[in-house]
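**Q** Going line by line, the protein sequences match chains B and U. Heads up: the first sequence at position 754 corresponds to 766 in the working numbering, and the numbers run straight through without jumps. Heads up: the second sequence at position 75 corresponds to 197 in the working numbering, and the numbers run straight through without jumps.
If you are wondering where the hints come from, they were derived from the structure by calculation, not from laboratory data. Since we're looking at a predicted model, the values are computed, not measured. Hints may be right or wrong, so weigh each one.
As the list claims (entries may be wrong) - Computed from the model, here is a short list of chain U residues facing chain B with C-beta under 10 angstroms:
1) Y153
2) E157
3) G160
4) C173
5) Y179
6) L180
7) G197
8) H243
9) E246
10) A247
11) Q248
12) E251
13) A252
14) L253
15) C260
16) G262
Said to hold, decoys possible - Computed from the model, here is a short list of chain U residues facing chain B with C-beta under 10 angstroms:
17) C168
18) E172
19) R198
20) S199
21) T202
22) Q213
23) E217
24) P242
25) N256
26) V257
27) K265
28) I267
For every residue, glycine included, the Cβ atom is placed at its ideal position computed from N, Cα and C.
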Amino acid sequence: MRPRLAPPTAIRGRVGDGVQRPDGLLKVRGEFPYSSDLQVEGMLWGATVRSPHPYARILSIDTAAARTMPGVRAVLTHEDVPGKNLYGLEFEDQPVLAHDFVRYWGEAVALVAADHPEQARRAAAKVHVEYQVLPPVVDPEQALSPGAPRLHPNGNLLRHVKIRHGEQAARADVVVKGEYEIGMQDQAPLGPESGLAVPDGEGGVDLYIATQWLHIDQQQLARVLGLPLEKVRLTMAGIGGAFGAREDLSMQAHACMLALKTGQPVKISYSRPESFVGHVHRHPGRLAYEHGADRDGTLVYVKARILLDGGAYASSSTAVIANATCFSAGPYRCPNATIDGLVVYTNNPPCGAMRGFGSVQNCYAHEAQMDKLAAALGMDPVELRIRNAMETGTEMITGQVIDGPVPVAELLRRVMSFSLPIGVEGRGEGTPLTSLPGGVSNTTHGEGVTRGVGYAAGFKNIGYSEGFDDHSTARVRLFVAGGKPRVEVHTAAAEVGQGMVMVQAQIAGSELGVNEIVVLNADTRIGSAGSSSASRQTYITGGAVKAAAEAVCKRVCEIAQSELYPANVLRIENDSVVGADGKPIVSLATLLGDEVIEETRTFHPRRTHHLDPETGQADAHMQFAFAAHRAVVDVDTELGLVKVVELATAQDVGMAINPLAVQGQLEGGAAQGLGLAVMEEILVKDGVIRNASFTDYLLPTILDMPPVRMDILELGDPNSPYGLKGVGEPPTISSGPAIVAAIRAATGRDITRVPVRPHDLTL
Amino acid sequence: MGLGRGVKVSCTVNGHKQVADGVWEGESLLYVLRERFGLYGSKNACEQGECGSCSVYLDGTLVCACLVLGGQANGRSVVTIEGLEGAKVQQAYVEAGAVQCGFCTPGLVVATHDLLHRVPHPSEAQIREALAGNVCRCTGYAKIIDAVNLAAGRL
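Start from the sequences and build out the full structure, keeping to the hints where you can.
**A** Now the structure itself:
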């Protein structure tokens with residue numbers, strides 16, 4: 013029993029083409045099946061009982077009343093977890109269903125399956141859990157204090173990353189200090205956490221799921237369910253966005269447990285409020301910085317303490333803090349650094365991966381510091397940045413020497429060279445209200461509005477770091493169907509919206525010269541692709557597809573040679589084998605007949621290494637990506653309302669495999685940066701989320717998002733497939749800091765916290 | 123089923139008569155369309171009328187299906203993304219690169235179809251105002267504006 017999934021669609025394209033999405037027509041017609049759309053005959057609905065307390069001891073759980081509710085087929089608690097009741101991305105610290113303690117508001121405690129979702133919800137409300145409420149740890153500094161309750165056996169300090177680089181007692185002519193605070197951002201993918209678990213009747217289960225990494229889900233599920241890997245098979249369903257929110261398990265184990273218990277297919281689909289407690293968020297942070305520079309603006313040292321609130325469970329916090337620490341000085345040369353990055357457990361909502369992954373928080377701080385330093389020196393802020401900009405061969409504060417193109421100064425020059433948009437006063441009569449701060453609230457027609465321009469640059473790692481064995485596996489199959497050659501590409505890479513379905517086809521198309529390419533749906537029948545995160549998937553899975561396609565091409569050429577076709581430098585073009593002169597020798601259809609050529613390859617990028625625990629020195633990262641932004645804002649200084657008028661960006665993408673998709677990443681990533689700068693924050697009070705809905709959690713709409721002017725550089729990384737660089741995250745890193753710099757410039761206020769709120773600009 | 127007697131909903135969906143029996147009074151039109159009529163094109167992103175992903179026509183008026191009770195659709199006519207005569211708008215969204223994850227797209231296509239019916243050649247300000255009720259988390263909206271302009275030029 014399988015739900016309907018998206019049929020694979022053949023496309024043609026080559027690397028560098030702006031190929032349209034093969035799933036595009038299905039999506040615009042409403043025919044693309046997302047994980048929340050799945051259904052099969054006899055399907056039950058799951059609901060989750062969640063903790064109403066951020067910290068409490070569970071004294072008892074009484075499911076008797078819930079079991080007798082109409083339509084109910086199963087009620088499960090921690091006692092029903094078949095395997096190990098712990099899971100986690102970096103290490104296992106989170107229960108599938110809470111047993112002794114609940115450590116955050118909304119933690120899963122029990123499960124219900126029923127015929128109708130409302131029956132399941134009503135029965136969930138009848139599960140009686142007796143709690144001994146405990147005072148929660150809601151402040152990360154408090155978590156580190158000696159008297160704080162220990163939330164986990166190893167204490168509350170999840171990880172402390174230290175960087176000790178160069179002279180630790182360095183002194184400088186000019187010193188600037190600042191403290192900065194970053195609010196908790198939500199990924200808010202529009203598709204809810206959802207999926208369908210179908211029991212196979214033999215003790216195993218098939219899960220149809222929207223996830224960023226099928227195989228890490230599978231590994232965690234097998235342990236939790238007490239099953240061998242082959243009994244837990246995952247197939248990708250349509251993904252309604254991810255941005256880090258689908259790296260951890262949400263409803264996966266719950267749906268599988270209910271399906272195995274009832275023997276019936278079970279679907280779970282979170283509501284939006286439940287989604288806010290169903291996935292991790294971007295870490296809120298407090299960052300204290302000190303920069304020292306010579307009178308000519310040359311950086312001498314940077315010192316920083318970065319404290320991130322990891323919330324109740326680890327998720328990927330230990331990797332996020334490594335990034336926040338490694339990239340804490342920004343894309344600038346700095347010979348001396350003393351950095352302490354700490355991430356702690358609290359009873360706040362768990363935090364983990366979100367686009368930018370630690371480099372977003374620190375960029376607000378290092379870019380504010382650069383502006384502050386420029387002011388102290390009487391220098392232009394862009395000139396200061398260019399003076400200190402990293403170049404090829406620059407040694408990072410981790411001691412790693414950056415190779416390949418490092419165009420930080422060039423990116424800044426490019427965003428500065430865009431002409432500036434005309435101001436409010438220049439626009440005259442008929443200026444639409446929607447282009448002013450306050451919009452159609454009609455709060456100003458231009459009076460009290462001041463303009464500001466701000467700049468920022470940022471960088472981060474691409475791919476996994478710190479010695480993790482990054483890799484992906486691809487199978488490429490060439491055969492003749494209906495008289496035409498056809499290529500099938502099979503990987504486990506998650507198509508989260510970014511365009512892996514095009515990129516894989518384009519790469520296979522380029523390597524094999526075949527016009528009809530089909531990318532098969534991702535599942536666990538092929539080896540792991542790693543996650544669609546860290547801006548790595550085009551590089552790593554793209555690399556795997558390239559290697560497998562090259563192997564197929566080689567075999568085809570060998571066959572052509574063995575059948576005595578003229579053998580000089582054979583390759584495939586436009587469905588035929590061609591010789592050195594580019595003239596067709598034989599069509600693939602004729603050459604192959606019934607033969608199927610299939611090759612599987614696993615691609616590994618160059619290795620990385622662990623950070624030294626005392627000094628943080630290592631070649632810990634595989635590739636680096638850089639971007640710069642310029643923001644122009646109008647601020648109604650009387651009401652504290654901000655209108656972002658325009659963003660301009662420049663980014664080195666190495667090589668644009670699909671230029672249309674690259675533009676989409678730069679625009680969409682900037683929108684999420686804008687969100688954190690001026691709108692988006694999960695408000696947590698005493699461990700409780702106060703705005704778990706799209707009514708109260710404000711996402712940028714089409715009225716909030718300005719045009720993005722862009723300059724895309726393709727400088728070519730000598731180490732990567734086609735010279736490409738990861739693209740997805742840099743747009744989210746420096747866009748927000750540029751906006752905040754522009755607000756500072758417009759208002760003259762020393763803004764130290766994001767998102768910027770009206771009262772930060774008026775009171 | 124423990125949810126009361128339920129109501130009968132009889133309406134025209136995409137030109138066809140559809141009947142659902144035993145509909146719980148609390149079911150939204152969105153739930154009825156998706157789970158009872160199998161029309162999953164209208165999306166369930168917020169179910170609070172904030173994101174526009176479930177935009178449909180109800181008697182010719184653009185509504186969020188999540189904010190309409192299933193029972194309220196009784197005797198009325200609904201057009202969903204599956205029945206929309208919107209090929210040019212749909213094609214424009216694909217060509218312009220306005221689709222990434224696509225979860226917001228059906229709602230945006232219906233809202234764009236409604237806009238272009240009312241205002242065949244909208245200004246950028248009109249586009250932004252008309253689509254302000256549709257949240258997209260992937261694209262940053264630039265290519266959505268491109269898609270509306272592309273479609274407007276072809277209609």
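**Q** Could you work out which earlier hints the structure fails to respect and list their numbers in ascending sequence?
**A** 5, 6, 7, 8, 19, 20, 24
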